[in-house]
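Whenever a hint applies, use it, and build me the whole structure from the sequences.
Residues 1 to 142 (UniProt numbering) make up the sequence shown, in order.
What the hints contain is simulated information worked out from the structure, not anything from laboratory work.
None of the values given here were measured: they were computed from a predicted structure.
Some clues are possibly wrong.
Said to hold, decoys possible - Listed below are the simulated EDC-like cross-link pairs for lysine to aspartate or glutamate, each with C-alpha atoms no more than 16 Å apart in a straight line:
{"hint": "1", "residue 1": "120", "residue 2": "94"}
{"hint": "2", "residue 1": "58", "residue 2": "39"}
{"hint": "3", "residue 1": "123", "residue 2": "105"}
{"hint": "4", "residue 1": "123", "residue 2": "80"}
{"hint": "5", "residue 1": "83", "residue 2": "105"}
{"hint": "6", "residue 1": "58", "residue 2": "48"}
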Amino acid sequence: MEDTVLNNVLEEGSAENQTPTPPRWRSQVDASWARDREDTGVGFVIMDEGMMIQYGVKRTHRTESPLHAEAERLIWALQETLKRGSMIMQFESDCQQLVNLIQIDEEEWPALATEPDEIKALKSNFTTFSIAYLSRSLNICV
1 MEDTVLNNVL
11 EEGSAENQTP
21 TPPRWRSQVD
31 ASWARDREDT
41 GVGFVIMDEG
51 MMIQYGVKRT
61 HRTESPLHAE
71 AERLIWALQE
81 TLKRGSMIMQ
91 FESDCQQLVN
101 LIQIDEEEWP
111 ALATEPDEIK
121 ALKSNFTTFS
131 IAYLSRSLNI
141 CV
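Rendered as structure tokens:
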């Protein structure tokens, strides 16, 4: 039976050769952190089928590290998405370390203090939640 399924897939076109359909609801998030600055810039864009429907940018207190800045901007994007009533969302970040921490869902994130608990609590409110790495060159956040 597995051979038949495989053959059917190959006859219809291998999934390897097809570009995956992007999710309808996406939120790209980004942060700007510099050691010599007293503040951090954070932002997000919410898109419906690739069209920007909401964005937010703000300057906030300087965080301990770039990872902390990325975690804080994700928290803000999660909060704003939930305020909109959007319960299905794929978040996209150019911070591979943060994406890995969330995807692996380790119990402890030694580099961060309270942010992991807040991220876990917020993401539990979504009916469908995912996070993916997006290279910096593809991140359109303003």
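Going back to the hint list, which numbers does this structure go against? When the structure is compared with the hints, numbers 1, 5, 6 turn out to be violated.
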